[in-house]
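Between the sequences and the hints, there should be enough to build the whole structure, so can you do that?
Residue numbers (the working numbering), protein chains in the order written: chain A, 1 to 184; chain B, 1001 to 1299.
Careful, some of the hints might be misleading.
[What the hints assert, rightly or not] Sample of chain A residues at the chain B side, in silico, Cβ under 10 Å:
hint, residue
1, F100
2, I144
3, G164
4, A166
5, Y173
[What the hints assert, rightly or not] Computed far set for chain A versus chain B, every beta-carbon distance over 10 Å:
hint, residue
6, C16
7, Y74
8, S170
9, G181
Calculated directly from the structure, the hints in this document are not laboratory data.
In this text, all values refer to a predicted model and were calculated from it rather than measured experimentally.
For glycine and all other residues, C-beta sits at the position ideal for the given N, C-alpha and C.
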Amino acid sequence: MSRMKFYCDDHRCIECFACSVACAEAHELPTGISRRKVITLFDGIEGKEVSTSIACMHCTDAPCEQVCPVDCFYIREDGIVLHDKNKCIGCGYCLYACPFGAPQFPRDGAFGAKGAMDKCTMCAGGPLETNSEKERHLYGQNRIAEGKVPMCAAVCSTNALLVGDAESVSNIYRKRVAGRGKGV
Amino acid sequence: MRRYMYMFIAFLSLASVAMAADSQIWGEMRIQNILGYGQEESLKLGPLFTMLQHQYFAWIFLGVLIGVPGAFFIHYKIIGPKVFPHSEKKYYAFNLYNRIIHQVAAVSFLVIIPTGFIIVFGDFFGGGTLVRMAKNLHGIFTIPFTIVVIPMALMWVKEAIFNWDDVKWLMIVGGYLSKEKKPILAGKFNCGQKMWYWVAILGGITMILSGAFMFFLDFKMQMLHDLTGMSQIDLLRAAAIIHNVMGFAVLALFITHVYMSMFAIKGAVHSIITGYVEEEEVKILHSTWYKKLKDQGKF
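Put into structure tokens, the structure is as follows:
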């Protein structure tokens, strides 16, 4: 079985934020929630500056899934890590466990109480009926079900953001590295 | 009173900084947060929290929940309760102020502890509305406890300082392992009560603070980052670990406290409802205090 993975080629990422904006737009995310973010290290230092795009990395041994007290996470057969917003209690444990800061929390309750966790679904929706109104409302577009590439990768103008079966992603990247003679 | 005021102000400012727009987790500090997970120079709290939460916390809570009452059940069956007549002379030991403060704390704990359990065993309860409600109640009932914890600390601190009586008390485990009614050295509070006092007060404050960290999530306290050298997410991880570990102690001693007042010493619970303690009960279980009261002609 293939495993779905994201990979951001930081030699190609030009810090244009298209992935982040497209994601927020496609899934109609509320203000303050960003499922995908662009990070720049050594900002402004010539020769050292490097940018990359980060979202949920859909870990094989997802720590979020391990710590959730209500067991709302489930990992699909293709490796996409998803969660059930109706089960989630917004405790924040997944955020503490996540190395990438992927889980987001809307502050929709009174006195700053956190709502159900929100994160990148690799455009694969949630546990509700595929492409239903409810699924779209809670999790955004289910582009995978429609046979489409996740929004972020679809809009990446330099093709820095790769997504798909881990093996084909690594094949593409290997070819790139071989071509330019550096990058690992 | 002033300390209480300061705490209230600190609580409010913590709440307001939480609302500040600049995110400590997803904003400026996100790179430090990512680096802090398992990098060489970090405390590696991410993997530590994941391991503890994944494999140990729930089991330890379950162990305490079954083990402590289980031990007391055996104690009750073998040694049985200590029964004192409650129709004899009484001494008015707890005034209205003491009782109200204690009762507010008691009611808070009676909500906080079961809801805490529902959260820990959230998967057992299926998540969703019930567990979410428990989580909210867990937070809401922290407020009355936060209000009374400092007054409670102040009103009983003098009696809760450990002394030589406590060493002797510990040697015979407070006399709870025998059916005999022999006077046991203890002041107004015995060693067990003192232990509970410190766990409830210091542990309680630790629980409030670590819980507040987790609730406000994005609070901005530069001082805390400078002091600890930890990133925001590491502070939250530390808070979650501390909150759980301290929870074991608070839970174990809370069960003990309830058992002692309700079952082991029959009718002892009335003293915090009416304010009166019974003469023989004081004479046997708090003999040092009894001597003092006798000298003062209170009995």
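Checked hints:
1. The restraint placing F100 of chain A at the interface with chain B holds, with a minimum CB-CB distance near 6 Å, inside the 10 Å limit.
2. With a cut of 10 Å, the hint placing I144 of chain A at the interface with chain B is violated, because the nearest CB-to-CB distance is about 25 Å.
3. Restraint check, G164 of chain A versus chain B: the minimum CB separation of about 24 Å is more than 10 Å; hint violated.
4. About 21 Å separates the beta-carbon of A166 of chain A from the nearest beta-carbon of chain B, more than 10 Å, and the hint is not met.
5. Here the hint on Y173 of chain A is broken, as its CB sits about 21 Å from the closest CB of chain B, past 10 Å.
6. Once the 10 Å rule is applied to beta carbons, C16 of chain A is consistent with being away from chain B; the minimum gap is 18 Å.
7. Remark: the non-interface label on Y74 of chain A is consistent with the geometry, its nearest Cβ contact in chain B lying 12 Å away (cut-off 10 Å).
8. A cut-off of 10 Å between C-beta atoms confirms that S170 of chain A is not in contact with chain B; the least separation is 22 Å.
9. Here G181 of chain A stays apart from chain B, with its beta-carbon at least about 28 Å from theirs, past the 10 Å limit.
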